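Colleague: As a plain string of letters, each chain reads:
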Amino acid sequence: MGDIVKRGVIEHAEALARGEYSAEELVRAYLARIEEKEASVDAFLYVDCERALDLARESDKRRADGVSRGRFDGIPIAVKDNICTRSMPTTCASKMLDGYIPPYDATVIERLRANGFIIIGKTNMDEFGMGSSCENSAFKITKNPFDNERVAGGSSGGSAAAVAAFEAPCALGSDTGGSVRQPSAFCGTVGMKPTYGRVSRYGLVAFASSLEQIGVITSSVADNAALLGMMAGQDAKDATTASVGAADFESDISGGVSRLRIGFPRELFGKGISREVREAVLAAAEKYGDMGAEVFEVSLPSLEYALPAYYVISSAEASSNLSRFDGVRYGYRAAEYENITELYLRSRSQGLGDEVKRRIMLGTFALSAGYYDEYYARARRAAALIKRDFERVFRECDLLLSPTTPETAFKIGEKKNSPTQMYATDICSVPANIAGIPALSLPCGVSAEGLPIGMQLMGDSFSEALLYRAAYAFERLGEAKNG
Amino acid sequence: MAERYEMIVGLEVHVELKTETKIFCSCPTIFGAEPNTQCCPVCMGLPGALPTLNRRVVEYAIKAGLATNCRIARQTGLDRKNYFYPDLPKAYQISQYDRPLCYGGWLDIESGGEKKRIGITRIHIEEDAGKLIHDGERGTMIDCNRCGVPLIEIVSEPDIRSAQEAKLYLKKLRSLMLYAGVSDCKMNEGSLRCDVNISVRPVGSSELGERCEIKNLNSFAFAAKAIEYEFERQTALLERGERLTRETRRFDASSGKTYAMRSKESAEDYRYFPEPDLPPLTVSEETVARLANELPRLPDLRAEEYISKYSLSEYDSEIITSDMALADYFEAAVRTSAYPKLLANILISEILGRVEQEDFYCPISPENLAEIADMSGEGLINSSTAKKLIKRLWLSDEPPREVVMREELFQINDREALTEAILAVIRADARVVADYKSGRTVAAKSVVGRVMSATGGRANPALLGELTQEILKSQ
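From first to last, the protein sequence lines are chains A and X. Residue numbering for the first sequence follows the numbering used here, starting at 1 and increasing by one per position. Residue numbering for the second sequence follows the numbering used here, starting at 1 and increasing by one per position.
With the rest of the complex left out, here is chain X (with noise of 0.2 Å):
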């Protein structure tokens, strides 16, 4: 029955910026902090203070805006969400309420092979609030840390149809985040979260069915797994001829579901109005444009570059430009390489297996790993060679064609050396001449095999495939 509906999705990402100090005041922002340690009568609220606009924070939310082609507002301001939560210290939130600093961006993800748009509404700056921490004897205590770190919300357009198309949504969102180095995007640090908007209709139809909210996914896989339980919660309910109410909902790790916390109908009216305690904000040109300066060359360009340029295939592209770190180590090794389809194979296959954490890192200097490539290209030496100096490299990294000279790792091109290695197999085990003879072709792989482990792994496999056919043939 799920086929016959579609889902309508779009996603509110709340990103940590990794500003030195608060939104509105000089407080530290590190995280893990003793509770309490890092505030101020500001961000406590405490009755007198004012906040300033740390304009860091406005710098970083452009950003954050250009990397996802966005247009920056040019007269802007902050607004006041009122709203009383123990861990919210003046009672309202200082936000942006119809006056975004970024709107009308998208960012593009490949989906099934095809190149998707999502729209992007809006994106907005705003304090964080503070930590409730429920203790069973001392009852709830607030950790006021966390008021007034810096927030951007993401808003998208309800673009999104797929859970997988969720996932990849903020997954480069994400990656573009960490390009325009505006936060760190630790999800079990909370520096990004997410919330969903679901609804679902009948394919075909063009109006919208009511939509629930699940609030803080803290992971991707969450985020998915939230909207596929949503999907068939809302389509089951449909299927019954029962009517959808507009809910905010909670998802549950442990059972895979959501629940309702509370429903839309006794939302709270926020009270927006503009912030009177800041000035109006105002952006000028130039700004802007120092800004965009200031972006590293981001994802979709790269890859661009990397299929016109280096001939990589999209797929490849697309795995190396996800991380920045990652692009950017592999454009610093290409500089010195003469085979660059190759070394983004290496990368690919041999280097990102060996990273453990999330974010990119590589023990082994680009120009290193780069000579590796170019002596497998060259043939000097084999796969099997350049799997091991990658293993050894990553441990103790140093020159590989040094090593390769030194140990004399180099393959085996010559004829002669080699011919002379299969018949001596074949000497010490007349059988495999009978059985290849016999027809059993694994005859020869194993002679490959047995040469193979006689030359250390060094011989060149095509030659020595190519040598061992014509050797048995004329025996």
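Excised from the complex, chain A in its bound form (with noise of 0.2 Å):
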């Protein structure tokens, strides 16, 4: 029993169904698990230890009953702490949102519910998303299960360090510019951040409307597109949805990547990328071109705008979407004030964080009258210009291949009091969240110092199959396995 909680989702299931061990026993390998890797991960804001355990044997009763919710039915999931669960607190791990029980269950919690997963508990992360390290959250740092000197990544910092650590077999994120691939490839999972629309966000507290998605993070790629199959497909909730039909990511997954076209964008290798990234990255470009893919060189000229356009329009829409954290309704509020006016402004001024606040002044900044076409606007057509060249590039070839970050997992404060060099390590991931494409990071090496190097798969919108095809033939070749 004691390696089941190594296994992946997959895995469970098909032991699951051979009565190999029950779900009420699968549940406990991990909360114990939890309970050992906690102390030096901290990657969880909140366990549902008694209810994990009411759900397990509900699920073993049913399975016993032959009315079984699925394949899944029965498998702990961990999910990011700024997606609603119902009688679960959210907090975005702010103290703004500390003790705050939403009233419902996101899309995607209802749909992981039908299926019969158990929430075993909400994972750490930046306050509302905002960070690359963990180190914003209001409540811990999460560390890297590698090492725990290093941050986890961030913002879906403890989602992908409980997969890392098999404190859960899988976990929701939410990617915003980057929080589901950046934190997996510091911690050596499978993260993908769907196409914009592929997933519903209802339910999910709004960092950046128009750029982010709910993403999953798994230990391997079979998993992953299993999982986001799953959460997949239009919600009428959810009026960004795209109407495309059922996701199925599995069926093709071991189809190979002969013939395939893989460009590397020239921009995503250059400046700032460590040597160490650079040569694991280039190394699987040729694995693929061993595989059977033609791979060639590409190149997005209007890249260099992805960082400032990202955050310009992120912090916008930041301000705008963090507004209703006032102090009136639910969550902080200051102990004194006189008025209303003072309410908001203390109860905002406690109740919010440092990088939190930033953002929002950064986003009003942007949005006031005289600077909006200067900033918001002129943001906007940055992202326009970034979207054509990738339908462009996506003529030429059929997939992108290049870094997930620019380095491997960096030590805890050494970034921390310089946001701008923070921000910098996102000159990977944010191109697809403007473009609203599907991206996926999968570990294609570990460095000298044994931390996993994260390569990011990026295609057209709608094509996940074809990347968890492609991140899969990888994967099969067993380069990249650590830990």
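These are calculated hints, taken from the structure and not from any lab test. Because the structure is a prediction, the values reported are computed rather than measured. We treat Cβ as the ideally placed atom computed from N, Cα and C, and that holds for glycine. You may find that some hints are simply not true.
As the list claims (entries may be wrong) - The calculated DMTMM-like cross-link candidates involving lysine to aspartate or glutamate, where the alpha carbons are at most 25 Å apart (straight line), are:
hint, chain 1, residue 1, chain 2, residue 2
1, A, Lys357, X, Asp269
2, A, Lys357, X, Glu268
3, A, Lys237, X, Glu114
4, A, Lys237, X, Asp269
5, A, Lys357, X, Asp87
6, X, Lys309, X, Glu286
7, A, Lys237, X, Glu20
8, A, Lys387, A, Glu294
What the hints assert, rightly or not - Partner residues are not named here, just some residues of chain A that face chain X (Cβ under 8 Å, in silico):
hint, residue
9, Ala106
10, Arg201
11, Asp238
Fit the two chains together into the complex; they arrive one by one in their own frames, and the hints show the way.
Modeller: Below, the structure written as structure tokens:
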């Protein structure tokens, strides 16, 4: 039993089906693992022990009665703390929402539950998703399971670390500018940011509505494809979801990469990318060539505008999205105030962290009369340019291969005092959010220091199946095994 | 001094649409429910909740636009208007900024016998905010039932030049919204609210003065009063050589005065930007055509028809078309009537006076009223019988011709019978003849009156008058 926590979702599904262990035993194993690892990893903000066990027993009963909710019935999952879960806290790692319990489940949570998944707990993150290291959590800093002095990445650092530390077989994250992929790269997990509109955002506490998607973090490509397939699809509650048919990402997954055209964008291998990372990703490109893919360099000149455009757009939307946290109806309220303005001012000043306030100020400025055209409107134009660039490049190739992050996991505190340096680590991941295209990070090697290196595959809108196929082919080579 | 100035007035009218559900969620919109019983995570702006646009709202707004001769945008969208207020749970209102759904329209009013066209700049859709309930003991509470109730904001051009014109514009607009079937326009329930923008300038000047906005006027009378007061206040200030400041004011109904709320210099920057949670809004040709087709015939068209087809006066047709229920009633009645003008007269003078509420209703069926008009036209009954019949049918409707026949209420047109009745009066009171001969013509009136009462009011009044004169002269 000792190592069942190291198995993936599909392995658990098979084991549960043949009765190797029960859902209760499985949940107990993960709870024990959490108990053991949390002291050093700090991936979770909340663990739902009692209820998880109750749900596991219910799952076992369903299975025994022949009314199972499907192959995943009884498998635990960790959920980023910005995805609403009924009767469980959803804090976004902010003092502002400390103790807040939503009265409803996000659409993805409904879909998980309908398939029998058990929410085992809520994971740590940068406050409201703003950050790349989990250092902006109001509650704790999640440590990288490979080196506890290093960050797990962010903002979905808790989710990636939980999967990497085998505290959960899979986890949900959200990706606004790389928040699923970057921590996946740092923690050696597989992280997918789907096409914008592929997965419902209903119940995801909004940071930047036009950029973000809920994504899946797993230890294998196949697990990831299975989970996304289950969650994807149009939702009447999210008007930005697309009306594309049912998503099957699994049946074609072992189709290989023969004759696939894979481009590597020159702009994402240049300045700022560490030698180790560059070499690992280029080596992967070579492997793809060996497997029959056609690999060549491409150029997306507009990517130079990606970071500034991203920070303007995401901050502008955030300044509006986060205005509702005003201390009036729910969440943190300052103890003392004389009038409504003071209530707003003090509740928000005290309840929100520095990085969040920085982005709110940046975004408020970018939308202000007299600055709108120069900042927000200009950033939108840059985004349109980037989108067109991707459209063009996807006529030349099927997939893009790049590093996920410029470097491997950095030390806790290393970039804490330099926001711009921190922002720069998003260079490879933000373009996919701006273009709305799917992007997946998977391990492609290990650094000299023993840290995972991630590579990113990007594809045209709604090409997730292709991304999974290419990722699966690489994963099967077994190059990236570590830990 | 006021004669040397003119006012420039534009109105912003908020109309609550009568959809069954809210603009961005499926909560009901019933007025007057217990606080916070008609809300959900979406309209309460809970973290993670997202709006989805109620297409019915778009359709109603397009109908409102078509009813006011607007052009309809084919490609548009919603925007966020950001500001903090406790009745606004998301701290932004989803509205439309620079791409209104409808624009460039107009409506005509009749002012002092002249037709005047008032331009309509734009109509956009947006969500209503909640309601704050101030309670001395418990403090201020928030009722979210109204959050997300769909509104259209109708902005007029600054074409209005008097309080009277403003009132006529509002009446016409309200009537058009009722015709279009998009709102109940119940002012007492706040489903039609009005903001006034007003500035003054010397007559002949082409420049615009500094304007004030008077917020939230919830009756046409208040709007007119506020405009009158504001005109006086602003001209007085200019006369004293003072400068006007651009500001927002509120109207106090008890004093009839306006008071400054906040100056526009300290106005908020709403930081409008396109709502990212909703996809762009596309309106197809087919949709616009279908909605245009669904609209009933509008009042201006109907009035023209009444004048040309039924020879109604402009005034009468204006009155009848001011309320669609009334116009529909008239049309149903006129279909079976050979006397449209008489019908219109009866409707306006006898029926409208009995309608106590704002909107028209009539318990007498249109066919029955048409029959009353026709019997009058035919001379079968006289006007006092017509009045009596209306009074009676109002309480209990039945075919009036049957009543007339059964109870013999028809007019007495028989010369002999009337002559006999007149002679009977004279015989009973010989003084009337003497009075008449001495030149007191009232004597004739007294004879007519007495004959009328003797015949139960059924005598043909014209014939009776004529015979009375004849007989008195011949005595």
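Colleague: Which hints from the list above does the structure break, by number from lowest to highest?
Modeller: Hint check: 3, 4 and 6 fail, others pass.
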